[in-house]
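Based on the provided sequences and hints, a complete structural model is requested.
Under this note's numbering, the residues of the sequence shown are numbered 1 to 258, in order.
It is worth saying that the hints were derived from the structure and are not from the lab. Positions of the beta carbon are idealized from the N, C-alpha and C atoms, including for glycine. Any given hint could turn out to be false.
Derived CB-CB ranges, DEER-like [as the list claims (entries may be wrong)]:
id, residue 1, residue 2, range
1, G228, G163, 18 to 24 angstroms
2, P8, E251, 24 to 30 angstroms
3, A178, C16, 15 to 21 angstroms
4, D189, L212, 45 to 51 angstroms
5, G228, E193, 30 to 36 angstroms
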Amino acid sequence: MNQTGKLPITVTIIACNEEKRIGECLSSVQWSDDIVVVDSGSSDRTVEIAESHGARVIHNPWPGYGEQKQFASSQAKNEWILNLDADEYITPELAESIRSAFSTTSPESPVAFECNFEHFLMGKWLRHGEAFPDPHIRLFNRQHGDWNSRPIHEHIEISGEIGKLEGTIRHRTVESLAEYIDKINRYTDLQAEIVLQSGVRVTFPQLFTRSLWRFLRGYILRLGFLDGVAGLTHSMTSTLTSYLKYAKAYELQNREKE
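Shown next, in the form of structure tokens:
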């Protein structure tokens with residue numbers, strides 16, 4: 001901890017036209033002594049809001065999710081990095097857990113930490129199904145890992161011990177169900193390309209069985225039904241995501257044969 005009481009952690013955020021959400025994100029990490037926002041061409045007030053919260057704004061053309069987050073890590077002043085998306089913010093409990101972890105670090109301490117996520121859908125924070133708990137590594141020492149370069153569903157690859165933090169990162173991904181469906185359509189385009197590039201050949205039975213299993217796992221086995229209409233909607237959209245991913249890959253592989 002430095003003389004200002006702030007932690008020597010760089011918070012990295014990638015953004016583009018996130019004026020509606022980035023303020024809440026930035027307000028939740030004012031205990032950090034270095035905040036970096038990598039902007040890929042916002043035309044709204046994203047940059048202005050980021051700078052008003054004390055962030056360093058760096059412009060970088062969009063290369064894909066994984067590579068953009070790698071670039072953000074390379075701009076950090078500190079060895080420890082906490083990554084957030086612009087539509088995420090950390091709870092006070094998680095902030096306190098991070099502060100506590102940094103007060104007890106030692107050579108044997110973890111080199112990265114994971115925490116659970118909470119997702120907001122249809123006016124409700126989901127607490128069951130695939131939506132919770134949803135653990136991810138977001139705080140890490142860059143000497144021991146970094147983001148991979150996947151264009152979507154990127155994740156941090158770590159070499160060393162991983163600890164667990166209390167509290168959550170809250171994720172307000174969309175403001176409406178229509179926006180959520182648009183997002184699913186965009187993401188499954190990328191996912192289908194990845195399936196095709198991996199060499200996996202999608203068959204007709206897989207289109208049905210993969211989607212059915214996704215629904216049963218999230219809605220029944222992981223108790224998604226306890227979240228009411230929001231839980232049903234999340235399970236159904238997750239099922240749709242699975243189906244579209246493989247249906248689009250099926251379409252692409254058949255198009256190659258023509």
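For the pair D189 and L212, does the Cβ-Cβ distance stay inside 45 to 51 angstroms?
violated (23 angstroms)
Indicate whether the distance between the beta carbons of P8 and E251 respects the range 24 to 30 angstroms.
violated (49 angstroms)
Is 15 to 21 angstroms respected by the C-beta to C-beta distance linking A178 and C16?
About 20 angstroms separates the Cβ atoms of A178 and C16, which means 15 to 21 angstroms holds.
Are G228 and E193 spaced within 30 to 36 angstroms by their CB atoms?
35 angstroms Cβ-Cβ, so the 30 to 36 angstroms window holds.
Pairwise beta carbon distance, G228 to G163, judged against the given window 18 to 24 angstroms:
Violated, at about 34 angstroms.
Checked against the numbered hints listed earlier, the structure breaks hints 1, 2, 4; every other hint is satisfied.
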